[in-house]
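Enquirer: Each chain is listed here by its residues.
There are 2 protein chains.
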Amino acid sequence: MERVEILDSTLRDGVQGEGIYYSVEDKINVVRALDEIGVDYIEAGNPSSNPKDMEFFERVKALRLQYAQLVAFGSTRKAGVAVEEDAGCRALILAGTEVVTIFGKSWGFHVREVLHTTPEENLKMISDTVSYFVTHGKTVFFDAEHFFDGYREDPAYAMQCLGAAATAGAARLILCDTNGGTFPDAAAKAVAQVKERVSVPLGVHAHDDMGCAVALSLQAVQAGARQVQGTFLGFGERCGNANLSAIIPSLQMKLGYRCIPEENLPQLTHTARYLAEVTNYILPGGLPYVGRSAFAHKAGMHVDGVMKNSRSFEHISPEAVGNRRNVLLSEVSGRTALLKRIQAIDPTQTKDSPAVRKALEAVKELEYRGYQFESAGASMEILLHKQLGLFTPFFELEHFKIIGEQFASGEEQPAAAMIKVRVDHREEITAAEGAGPVNALDQALRKALEVFYPSLAEVRLIDYKVRVMEPRDATAAIVRVLIESTDGRQVWTTVGASQDIIQASWLALVDSIEYKLLQDSKRMP
Amino acid sequence: MERVEILDSTLRDGVQGEGIYYSVEDKINVVRALDEIGVDYIEAGNPSSNPKDMEFFERVKALRLQYAQLVAFGSTRKAGVAVEEDAGCRALILAGTEVVTIFGKSWGFHVREVLHTTPEENLKMISDTVSYFVTHGKTVFFDAEHFFDGYREDPAYAMQCLGAAATAGAARLILCDTNGGTFPDAAAKAVAQVKERVSVPLGVHAHDDMGCAVALSLQAVQAGARQVQGTFLGFGERCGNANLSAIIPSLQMKLGYRCIPEENLPQLTHTARYLAEVTNYILPGGLPYVGRSAFAHKAGMHVDGVMKNSRSFEHISPEAVGNRRNVLLSEVSGRTALLKRIQAIDPTQTKDSPAVRKALEAVKELEYRGYQFESAGASMEILLHKQLGLFTPFFELEHFKIIGEQFASGEEQPAAAMIKVRVDHREEITAAEGAGPVNALDQALRKALEVFYPSLAEVRLIDYKVRVMEPRDATAAIVRVLIESTDGRQVWTTVGASQDIIQASWLALVDSIEYKLLQDSKRMP
Numbered sequence: 069m070e071r072v073e074i075l076d077s078t079l080r081d082g083v084q085g086e087g088i089y090y091s092v093e094d095k096i097n098v099v100r101a102l103d104e105i106g107v108d109y110i111e112a113g114n115p116s117s118n119p120k121d122m123e124f125f126e127r128v129k130a131l132r133l134q135y136a137q138l139v140a141f142g143s144t145r146k147a148g149v150a151v152e153e154d155a156g157c158r159a160l161i162l163a164g165t166e167v168v169t170i171f172g173k174s175w176g177f178h179v180r181e182v183l184h185t186t187p188e189e190n191l192k193m194i195s196d197t198v199s200y201f202v203t204h205g206k207t208v209f210f211d212a213e214h215f216f217d218g219y220r221e222d223p224a225y226a227m228q229c230l231g232a233a234a235t236a237g238a239a240r241l242i243l244c245d246t247n248g249g250t251f252p253d254a255a256a257k258a259v260a261q262v263k264e265r266v267s268v269p270l271g272v273h274a275h276d277d278m279g280c281a282v283a284l285s286l287q288a289v290q291a292g293a294r295q296v297q298g299t300f301l302g303f304g305e306r307c308g309n310a311n312l313s314a315i316i317p318s319l320q321m322k323l324g325y326r327c328i329p330e331e332n333l334p335q336l337t338h339t340a341r342y343l344a345e346v347t348n349y350i351l352p353g354g355l356p357y358v359g360r361s362a363f364a365h366k367a368g369m370h371v372d373g374v375m376k377n378s379r380s381f382e383h384i385s386p387e388a389v390g391n392r393r394n395v396l397l398s399e400v401s402g403r404t405a406l407l408k409r410i411q412a413i414d415p416t417q418t419k420d421s422p423a424v425r426k427a428l429e430a431v432k433e434l435e436y437r438g439y440q441f442e443s444a445g446a447s448m449e450i451l452l453h454k455q456l457g458l459f460t461p462f463f464e465l466e467h468f469k470i471i472g473e474q475f476a477s478g479e480e481q482p483a484a485a486m487i488k489v490r491v492d493h494r495e496e497i498t499a500a501e502g503a504g505p506v507n508a509l510d511q512a513l514r515k516a517l518e519v520f521y522p523s524l525a526e527v528r529l530i531d532y533k534v535r536v537m538e539p540r541d542a543t544a545a546i547v548r549v550l551i552e553s554t555d556g557r558q559v560w561t562t563v564g565a566s567q568d569i570i571q572a573s574w575l576a577l578v579d580s581i582e583y584k585l586l587q588d589s590k591r592m593p
Numbered sequence: 069m070e071r072v073e074i075l076d077s078t079l080r081d082g083v084q085g086e087g088i089y090y091s092v093e094d095k096i097n098v099v100r101a102l103d104e105i106g107v108d109y110i111e112a113g114n115p116s117s118n119p120k121d122m123e124f125f126e127r128v129k130a131l132r133l134q135y136a137q138l139v140a141f142g143s144t145r146k147a148g149v150a151v152e153e154d155a156g157c158r159a160l161i162l163a164g165t166e167v168v169t170i171f172g173k174s175w176g177f178h179v180r181e182v183l184h185t186t187p188e189e190n191l192k193m194i195s196d197t198v199s200y201f202v203t204h205g206k207t208v209f210f211d212a213e214h215f216f217d218g219y220r221e222d223p224a225y226a227m228q229c230l231g232a233a234a235t236a237g238a239a240r241l242i243l244c245d246t247n248g249g250t251f252p253d254a255a256a257k258a259v260a261q262v263k264e265r266v267s268v269p270l271g272v273h274a275h276d277d278m279g280c281a282v283a284l285s286l287q288a289v290q291a292g293a294r295q296v297q298g299t300f301l302g303f304g305e306r307c308g309n310a311n312l313s314a315i316i317p318s319l320q321m322k323l324g325y326r327c328i329p330e331e332n333l334p335q336l337t338h339t340a341r342y343l344a345e346v347t348n349y350i351l352p353g354g355l356p357y358v359g360r361s362a363f364a365h366k367a368g369m370h371v372d373g374v375m376k377n378s379r380s381f382e383h384i385s386p387e388a389v390g391n392r393r394n395v396l397l398s399e400v401s402g403r404t405a406l407l408k409r410i411q412a413i414d415p416t417q418t419k420d421s422p423a424v425r426k427a428l429e430a431v432k433e434l435e436y437r438g439y440q441f442e443s444a445g446a447s448m449e450i451l452l453h454k455q456l457g458l459f460t461p462f463f464e465l466e467h468f469k470i471i472g473e474q475f476a477s478g479e480e481q482p483a484a485a486m487i488k489v490r491v492d493h494r495e496e497i498t499a500a501e502g503a504g505p506v507n508a509l510d511q512a513l514r515k516a517l518e519v520f521y522p523s524l525a526e527v528r529l530i531d532y533k534v535r536v537m538e539p540r541d542a543t544a545a546i547v548r549v550l551i552e553s554t555d556g557r558q559v560w561t562t563v564g565a566s567q568d569i570i571q572a573s574w575l576a577l578v579d580s581i582e583y584k585l586l587q588d589s590k591r592m593p
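Order-wise, the sequence lines are chains A and B. According to my numbering, numbering within the first sequence proceeds without interruption in unit steps and concludes at 593. According to my numbering, numbering within the second sequence proceeds without interruption in unit steps and concludes at 593.
For the record, the hints were derived by calculation from the structure and aren't laboratory data. Be aware that one or more of the hints could be misleading.
Any copy, or any two copies together, can satisfy a pair, since identical chains are not distinguished.
[Stated by the list, open to error] The calculated EDC-like cross-link candidates involving lysine to aspartate or glutamate, where the alpha carbons are at most 20 Å apart (straight line), are:
{"#": "1", "residue 1": "LYS322", "residue 2": "ASP253"}
{"#": "2", "residue 1": "LYS426", "residue 2": "ASP414"}
{"#": "3", "residue 1": "LYS469", "residue 2": "GLU501"}
{"#": "4", "residue 1": "LYS192", "residue 2": "GLU181"}
Please model the complete structure; the sequences and the hints are all you need to start from.
Expert: Laid out in structure tokens, this is it:
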């Protein structure tokens, strides 16, 4: 199988998307997930544009990556400035990655109207900058911005730009459809023509302004490109970038190229959903291959056809990409996956045990009510222990009350929570203040329980995410809360869902504490 | 300009999408909107599958349509049943449309495995059914289901199916990629080959399971198809249908075909947003041409480029499809963008006015505290009015109090909010319950203010988003709330940020209400 490299730009072009922001911690999590699925390159920002990016590049050095290489991103030097004096180029070196992407102009219109310089100076900017990084031992990918537009208007000049980068030692020439206005067949033709004339491997970088970025990328590969740039979920500036979660399986399962390790394909859906969670991005239900509805069948006839033979209304088997058929949830993948987890707790359980059936029903019911266990393994663990009759509650809630107040502007005051819990007939009542009602409740609950379970003093919450599930009902919508906790040794995530954000947070908080106590009780029986 | 017919199937294939439902009233509104923009055909359901569809076909007869024709949809007769006796075919006649779509099998695998009949009987089913409707004076479009799959496996039989329909008098032969697994170039090749051999005009019907439905439709047209079937917003079964709001402008503005009246193109965005509203569907921000972010620019360099010459980062002018450029405000893009907005309020302001400098400082300060104005234009509008001294508060808060309570599990109870506001020395105190504290506060605030401003009764919240900004501090992190509101005519978004989710929601709610009142006061000075 011929290799096609995948460069994911979620952390660079992706953050140009409206509403996309990452903390440094989020970025590290994105890098881990992309490495796990096995992309080749992770393009992760521009150190000169943002001090937070520098912190990220420092921290990322400590990660041991299995498959992927980090790529820092920057532009050719400024017109009329020596490359050694160019602040952006110098910052890029400091990122300390082995690979850098350098973007430069390849469209005369842009050289004139945006850079306000001459075609000759632009060629020098490309060759100076690529040389500079090659001399510093870097592998350089040259992103020829607006290549297809430039090639349409003035093919000779566009080729000169590529030539300048190639001669200076670029390892890849990436043909970009920066404005997203190129048709796939036109791009494929250009790729084939360029390939005739340069020996450096080509790549493609497409935007979705006509809804054709995926098709353009696939056809560019068939015409000879050997690197595809995009973002894993397709978000990015304007209409987004080429959606890698659609491109990878089409290339690999249908066209016979290898993009990621074959055994990782069934992780595709999991990776997409995990990235959506980290990004606080609502994954479109209809996203090819990985969307929740991608294999959902509603029409009676289609359901019937799929039951007779899944090939009748499905272009691939959903399991091949780790997704599942919606109507058959309980019959196939749901139960098998769940059984594995159940057997990890109680190895005597089998596929047909009543407990397994009951657990499956419980999961379905909760998912229907807005729960999502994909990234909340600790809540799943608690739930299964309960279903198997292996869980004894560590405490009982008697009552809590939260109060938030605000007076005429200026007089802010902390929210307060009062709580009463019971452990083995002993009661504890206490109260705490906090920044907002959830924080107050969290403080009060742990304060009350530490009296009985001193090890809870080690626990702290490290992440708190809120997702509105059915935004159409606005403030009365179902809210899902994910909480990530740690005791300094391990990290676990729990989930709660409710129309009431306080209630949803409460459910996730309780699961988090119960998970910690369950683990402790297993360690010291 | 050569004509390409557009058949919109929002009301037929569209309703196979997860979460898509229409009342009869909704359907009438969809028909009106599609007729206004000028599609040729509106496929609107299957009278035999749904009694509500019959009511719809009755009511729709009273509509005076300017451009579009209604199309009823049904299948070939059942195997072994005379067409005159077939309940589905008889119901289809009763729909009373001049045009009908008949779908039938063209893939041997489906004939055997799903229909459980012989290839010969299937051919008879096609020809009997098409003849029946032609005899009844109908114009018949034959949808060859799974055509591309069938053509790949057994081109001779697939062609026989088309031949049976053509001989029986079908007016169009529609080649369908029912499973969405055909590549655009393969489809285009098949279309070209079929076109060589049949004289009946061809159409194409694609699904988006590989993210290629738009490209497939465009390439099919270039290969000779003269009807494109899809749904206006792209939703439909599984990953959806070919997205007509992307296909129409690409065909018409870039490839020189005429799909809808030229003068209607600038209505495209309005139609898309209206259909989303009727469907209760959240239009993806990045939808090509019509999405809110389709012409949004965030990176400093791109904003700079677009200001110099819009062609530099836009493949078309947004106004051509009734959309608009959206310069996302962030620290990066800065003063130029802000100035444009300020001048829209007060044209006398210049780049160096103290007010502009002050406003920029205020925006930066708020962004530092977790605000984000790029998608919250209404909050920005309020802020700028305040900075320019052009804002008089519509009300003042005296005090609010929210209470949430929970007893031992089982006894859930609604949150409550009490609020006291003042307008021109008149006070109003009231209370409301809700699903969660924010919902209760929202209800109470509007209840109190409606006493003074009856127009607030029109306002409802349609989206509520919560984003935790620095998750490392967990429940005490900064929370950003975005609220989208509508009064039925326009939609606006506001933002609030605070450590306390109640406070953040409150700030966004207040902005939303003030924006509405500011707009009203401008309309009636």
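Enquirer: Run the structure past the numbered hints and jot down the numbers of the failing ones, going up.
Expert: Of the numbered hints, all hold.
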